[in-house]
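Here are the chains, one letter per residue:
Protein chains: 4
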Amino acid sequence: MIVVMEKGVSEEKLERVLDYLQGKGFSLHISRGIERTIIGVLGDKNKMEERLPLEALEGVEKVVPILTPYKLASREFKAQDTVITIGDVTIGGQELQVMAGPCAVESREQLLETAAIVKQGGAKILRGGAFKPRTSPYSFQGLEKKGLEYLAEARETTGLLIVTEVMDTRSVDLVSRYADILQIGARNMQNFPLLKEVGKTNKPVLLKRGLSATVEEWIMAAEYILAAGNNQVILCERGIRTFETYTRNTLDLSVVPVIKHLTHLPIIVDPSHGTGKWRLVGPMAKAAVVAGVDGLIIEVHPNPVEALSDGPQSLKPEKYYQLMEELRQLAPVMSRSLSGTAHFEKTGTEG
Amino acid sequence: MIVVMEKGVSEEKLERVLDYLQGKGFSLHISRGIERTIIGVLGDKNKMEERLPLEALEGVEKVVPILTPYKLASREFKAQDTVITIGDVTIGGQELQVMAGPCAVESREQLLETAAIVKQGGAKILRGGAFKPRTSPYSFQGLEKKGLEYLAEARETTGLLIVTEVMDTRSVDLVSRYADILQIGARNMQNFPLLKEVGKTNKPVLLKRGLSATVEEWIMAAEYILAAGNNQVILCERGIRTFETYTRNTLDLSVVPVIKHLTHLPIIVDPSHGTGKWRLVGPMAKAAVVAGVDGLIIEVHPNPVEALSDGPQSLKPEKYYQLMEELRQLAPVMSRSLSGTAHFEKTGTEG
Amino acid sequence: MIVVMEKGVSEEKLERVLDYLQGKGFSLHISRGIERTIIGVLGDKNKMEERLPLEALEGVEKVVPILTPYKLASREFKAQDTVITIGDVTIGGQELQVMAGPCAVESREQLLETAAIVKQGGAKILRGGAFKPRTSPYSFQGLEKKGLEYLAEARETTGLLIVTEVMDTRSVDLVSRYADILQIGARNMQNFPLLKEVGKTNKPVLLKRGLSATVEEWIMAAEYILAAGNNQVILCERGIRTFETYTRNTLDLSVVPVIKHLTHLPIIVDPSHGTGKWRLVGPMAKAAVVAGVDGLIIEVHPNPVEALSDGPQSLKPEKYYQLMEELRQLAPVMSRSLSGTAHFEKTGTEG
Amino acid sequence: MIVVMEKGVSEEKLERVLDYLQGKGFSLHISRGIERTIIGVLGDKNKMEERLPLEALEGVEKVVPILTPYKLASREFKAQDTVITIGDVTIGGQELQVMAGPCAVESREQLLETAAIVKQGGAKILRGGAFKPRTSPYSFQGLEKKGLEYLAEARETTGLLIVTEVMDTRSVDLVSRYADILQIGARNMQNFPLLKEVGKTNKPVLLKRGLSATVEEWIMAAEYILAAGNNQVILCERGIRTFETYTRNTLDLSVVPVIKHLTHLPIIVDPSHGTGKWRLVGPMAKAAVVAGVDGLIIEVHPNPVEALSDGPQSLKPEKYYQLMEELRQLAPVMSRSLSGTAHFEKTGTEG
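Which chain is which? The protein sequence lines are A, B, C and D, in order. Counting from 1, one number per residue, gives the positions in the first sequence under my numbering. Counting from 1, one number per residue, gives the positions in the second sequence under my numbering. Counting from 1, one number per residue, gives the positions in the third sequence under my numbering. Counting from 1, one number per residue, gives the positions in the fourth sequence under my numbering.
The set of hints was computed from the structure by calculation and includes no laboratory data. Heads up, some of the hints might be wrong.
To be verified - Just the calculated beta-carbon pair ranges, DEER-fashion:
hint: 1; chain 1: A; residue 1: E11; chain 2: C; residue 2: H261; range: 55 to 63 Å
hint: 2; chain 1: A; residue 1: Q329; chain 2: C; residue 2: H261; range: 52 to 60 Å
hint: 3; chain 1: C; residue 1: K7; chain 2: A; residue 2: E58; range: 30 to 38 Å
hint: 4; chain 1: A; residue 1: D88; chain 2: D; residue 2: T245; range: 37 to 45 Å
hint: 5; chain 1: B; residue 1: E61; chain 2: A; residue 2: E58; range: 54 to 62 Å
hint: 6; chain 1: A; residue 1: G229; chain 2: B; residue 2: T90; range: 45 to 53 Å
hint: 7; chain 1: B; residue 1: R279; chain 2: C; residue 2: T245; range: 29 to 37 Å
Stated by the list, open to error - Straight-line alpha carbon distances no greater than 27 Å define the calculated BS3-like cross-link-like pairs of lysine-lysine that follow:
hint: 8; chain 1: B; residue 1: K62; chain 2: B; residue 2: K78
hint: 9; chain 1: C; residue 1: K196; chain 2: D; residue 2: K146
hint: 10; chain 1: C; residue 1: K146; chain 2: D; residue 2: K200
hint: 11; chain 1: B; residue 1: K319; chain 2: A; residue 2: K13
hint: 12; chain 1: B; residue 1: K200; chain 2: B; residue 2: K145
hint: 13; chain 1: C; residue 1: K71; chain 2: A; residue 2: K62
hint: 14; chain 1: A; residue 1: K146; chain 2: B; residue 2: K200
hint: 15; chain 1: B; residue 1: K7; chain 2: D; residue 2: K78
Treat the numbers as computed from the prediction; the structure is a model and nothing was measured. Here a beta-carbon is modelled for each residue, glycine too, at the ideal position from N, C-alpha and C.
When you get a sec, could you build the whole thing from the sequences and use the hints?
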C-alpha cells in the first residue's frame, strides 16, 4: 500500500500518520520528493486487505493499494487451471462445454422436448430456471419445486447434467438436491449470505458477473465461495450494463483472457443474455470460443414466441443445431473439442 | 404496446403476428405507413406487463412498451404523497429527517458514543449496520445479533429510532425485532426473495438504489414490496456507478424530482456513500435538500480513522453538528423544518 | 510515480527497469516486500507527466501515477479563485451569473424577443447557438454568420453579454468578433486543435464537460487553453452519459465541490442539457447553487414547441421569471447575490 | 413516430397536439386505450427526422421514434456490402485487411523500421499518427508535416498503403495529399465540421467509434460523411468507456454483427486501443475475426518501451508475426483470406 501525503504537509501530520501505521505493525519506507512525500507500507497482506480508512487522517491525499485483494482465486495461489469434474464431464479442461436449454422451466412438456433437442445437438448440460429473478413482481416467477422435479426427470431421460439458479439462502438445500451445478445470477453476485451458503455445499457453482461489476469485484465474489470451502467455481460473463440500448447488455469478451491471466478458474460466456438478440448469439458464441472460453451457456427454446421469459434471445432448434456444428468445427482452432457429432449427418435428411 | 414491423414485411408474416396478438385477447390498431407498418396493441394492462417475446416472431423489428410497468408505486395509482409515521416521527411529511450514525456497529462503546452525538445534533434516527455487505470475505462482516442489541440499547438510552440493514431472508424476523426501519442495501435491490420477505413485515423499508439500476428498475423493486402488502417504502439514492474514479459513486440528484413526479413514495439521499469523501458530504446534503428530498442518511463516527468500515466518508462530530445547523437554516427555503436547536447555542462554549 | 513489479520478478528484469529509470534521470526508492518489490520514482514533474510506457517492460505489473497531470489549472499552482471580469460582469466572484436564452438562434425575431425576456428576468448574459452540433446531418445546423449578427444586435438592444459556441478552428476568428464568451461544446471537449486556438484568443472560454469525460480529463482540457496563454476558463457541467434513459443525461453536481477543491477556475452548471426535461431544470438549478456553483446556463424559449432545437428542455418565459426569483431568494444562503429585481414586483400585475 | 399522451389528458390538450401535427402535414392514427391515448404519426420521413419538440406540448407524456434516423448508411438504402478499393487492396471484400504500425510516427528510423516489419508480417496497410490527440498539452503531439513525409517515404519503400489521423479541418487538404485513408479519431467522432470536410474529399475515411457513442450516433456520424458525398466509410470499433479499470476500454465485439445487420459499411476492430494491454491484443483480434470483421488495426512497435505513445499496448515484432500467422490460419473459418505467407516459413530459422 502506498500513502500519498498532501503537498506541503506539516511534519506533525506526517508523524501522526507514521505513528498510526507503525502502531498497526507495518514497516514503512518514506520517500520525500519535491512535490509529495509518499509512504510505502509493507507487512502482512491480510492486515492490508482491510481497506484502512487512512484517507480520514489529516494530511493524507490518497491511498493506493498495491496488492490484489483476492488470494484463493489467484494464479499466484494456484498456477494450474482448475478443472471441475462431474461424472464424465469436465469444465475447464480440453473439452468445450455447452450448457443449453430454456431460460425458464415452463412445463414438463416444454422441458422434456427442449432437453431432447439439447441432447441431440451434442451439449452435455441442460440449463433451465425453476426460480426466476424477474424485474416485475407481476411476471412469471418460475415453477419452483415443480420445475426442479422436471429438471431431474429430464436428466434421467437424457443423461444431461443440470444447471439451475438458486436465489435464496433458504433454497440452497432444496436446489442442491436436484442440480448438478448451482447458478448464482448476475443480480446476486454480491448477495454475500448466498455466496457463503453455496460455498458450504459440495456442488460446483456457476457465478455470473454482476451487471456493473468490475473484474476485481467478480473475483472477490468467487473468493467468498472459495473461502467458505468450495473450490469448484465457474465464472460466467453475461454482459455488462452500458449506455448502449440496441443490445440488452454489452458482452465483454476481453474478460476471458483477463480472467485466465488473473485466476485459475474456468470461465464460460452467455451470449444469449449478453446480447438479448438471437441474431447475435452465434457470432458472439464463436468469438468467445476463439477468445479462449471453457464453455458457453445458450438459450434454446422449441418455440421462442411462446416462451414465458426471454424469448427474443432464444435459439430455435435448427439454429441451435447449426451453431453446435459450427462450434464443433471451430473448436480445434483452439485445440479444443466439442462433444457430439454433426446433427445434419445424424439425421441424414436435414440441411 | 406498439409493434413495429420490418420494412417490406410480407402479408403472411404480418397476419401471423396479428393472429398471435388477437389470440391473446388484445384489440389492435394497424397503421400502414410508407416506411413501416405499425400495430398499436390495446387491452388489459396486466397482460401487457409481461414482456411478450414478440421480437422472436418473424417480421417484427421491435416492440415499444407504452405503459410504465409499475402500478402501486405510481402517482397515477395514488396521487397524494405517502407519509410514513413511526411514533412521532414522519418521513415524507413537512419535517426533513436525518438518519445519522456509523457505517457499522463496531462496539457497544462506539455505538453509544455515536448515538449521543447523533442525538445532540438533532437527528431523530440512528443508522448503523449489524450485518455488513463487504466486497471481501476477509473484511469485517458486522457484529450481527450483538450489533442489533447495541442498537436497541442506544434507542433506549437516546430515544432515537433505529434503521439497520437486513441482507438475508433468514434474518428478516430477527432484524425486525430490533429495527424501526429495515434497510435493503444497494447490492440487494434486486434480491427478490428478500424484497418479498420484507414486504410481509409491518416495518417501513428503506430501499437503496442499485449501483447501476435505472429509475424504472428501482421503482419496480419498490413495487415488489408494495405488492407483498407493505406500503411503507422509502427510496434512497446512494450514487450510481460511472467511469468517474475521483468519487466513489456519482450521486444522481436529478432522481429526486423524477421520483416525486413518478411515484408517491418518500425519497432520501445518502451523500456519504454517494460521494465516498467526507469533504463532499456537506455540499451534496444541502443540494439534495434544495432538490426536494424528504431526508438524508449520513455517516457520523467519533473517530473516522479507527472506523472498521468507510471511515473516509464519515463526518466527525463537529462537522456533523455544523452540517445539521446549516440544514436547519436551509430547510425553510423548501418550506421544511429540521428538528433540534443549534448545537452551538446549546453548548455555549463551542464554535 | 510508483512502479509495482510482478511477484517473484527476477533480479535481471528488476535491474533492467532500474537502469531504464535511472537513464531517464529519476531518483529511485526501492521497497522489497514479501509479496512485491515496488519502486518509488522521484524527479522532475514534467518528465513524469509523459505517460512512460513502463508497462511494456518485462517484470512490471503496473504503474501508479502519484501526481496530478495538470499544473496551471490546479489550486496548488494558484490558491485564490479565478474571477473573470467582462465589463461590469464578474464570473467566479460574489455574484451568481445566469446565462439564458434559446438553444439555437432561429430568427431575428425569436432572438430579440428572447433577449428581452432574458433581460427582464435579470440575467446578464444571453446564450444562443449560431453554429449547432447536431447528431443528424439532416437537422438544423444553425444560422451561422447571420446568427452571430442577430446576437450582436441583441447585445446592442439589451446590454446583455453574448456566449455562443465555436465548433471549428476556422471559425474562431469570426465568432470572437461577435461573442463575449466562446463556448466549447461537450463533443469538442477533446478537440485539441480547437482548444489551442481559443487559447490564443483573449476571450473567456466556457468549456463544457465531455459526455463521458472524467474530472481529470476535463481539467486537462482546460489546461490546454491555459497552456496556450488564455487564463479565462469557465468550466461547465452539463451531465454525463449513463445507462439511465429517463433523463437525457445524468447531471453530476458533485463535481462542483470537487472542481472547487482541485482547481481555481469558476464552474457553472447547465441543468437544461443536464436533464433534458424542463420540469427538472428548476430543482437542479437550485441544487447547483447550494452545491456552490458560480453560475448557471439555462435554455429559455418564448415558444418551446416551435423551437428548432431542444424544445423539451426549454423554459417558457413565466417559468424562467419564477426560477430567477427563486434563485434570487436562495443566493444569500450561499452568501451570493443574483442581479435583477423580482419580475413580479416589477410588472405588478402578474403572479 | 408515436406520441403517447398523459393519462386522463383533456380533449383540449389532445386537440392542440393533433392540430400541431396536422399543421406539419402528417397523417395521424389515434388509438384511445383505457390507460392512454396514443397517436401514430405517419408521413414524410425527412420531416420526422427532425426531433420535433413535442414533449414541450402540454399533455404529451413521451414521443417514441419508430424509424432509424440514418438513410444512406442503412441496409435498407443499399442491400449489398460496400467494398472499398484502393489500388489492389479491398476493404469489406473477401480479404481481411490488417492495418499495423506504431501509435505515433516518432522518427524516420522508427517508422521505416516498423514499416519493414509490418510488410514482412503480411499486412498491406501501415498505420501511424503524425497528428496525435493527447490528453495532456505537455505530451508529445506528433511530428505533423514531417511525420506525413516519413509515412509517404515508407509507402514508397514498402508499397504499403497509409492510414493516418486528421484532427483539424484546416489540415484535411494536407493530410489528404499524403494518406491513402483518412482516420477520424474517437474524440472527433462528433466533430461535425471535420466530418463534413473529409466528406468532401475522395479518400476513404476510417471512422472510429466515440468513447461513449451509441451505435446509432456512430452510424449518424458516418451519415455526415456519406451525405457530404463520400461513400467510402470504414467503421472502426476501438472500445467504449465503462466503469472497468483493468482494461483501458471495453472492446464491444457485438457491434460487428450489429453494424453488418444495420448498415452496408465495412467494419474493422482496434484491439490495441480497445484493451490497452498487449497481452489481450491477440485473443481479441482473433475473436473479432470470428465475429465477422473486415479487418483489424493493430499497434506494432520495434521497441514498445521507448514508444512516445501507447507502448503498453503495442506488439513487439515477433508477437506481431505470430498473430498474423494465427489470423492467416483462422481466416478460412470465416471464408476469408489474409495476405502474406507465414513469416516462420519465410525466415526458416525462427520459431
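**Request:** Hint by hint, work out which the structure violates, then give me just those numbers in ascending order.
**Result:** Hints 1, 8 contradicted; others consistent.
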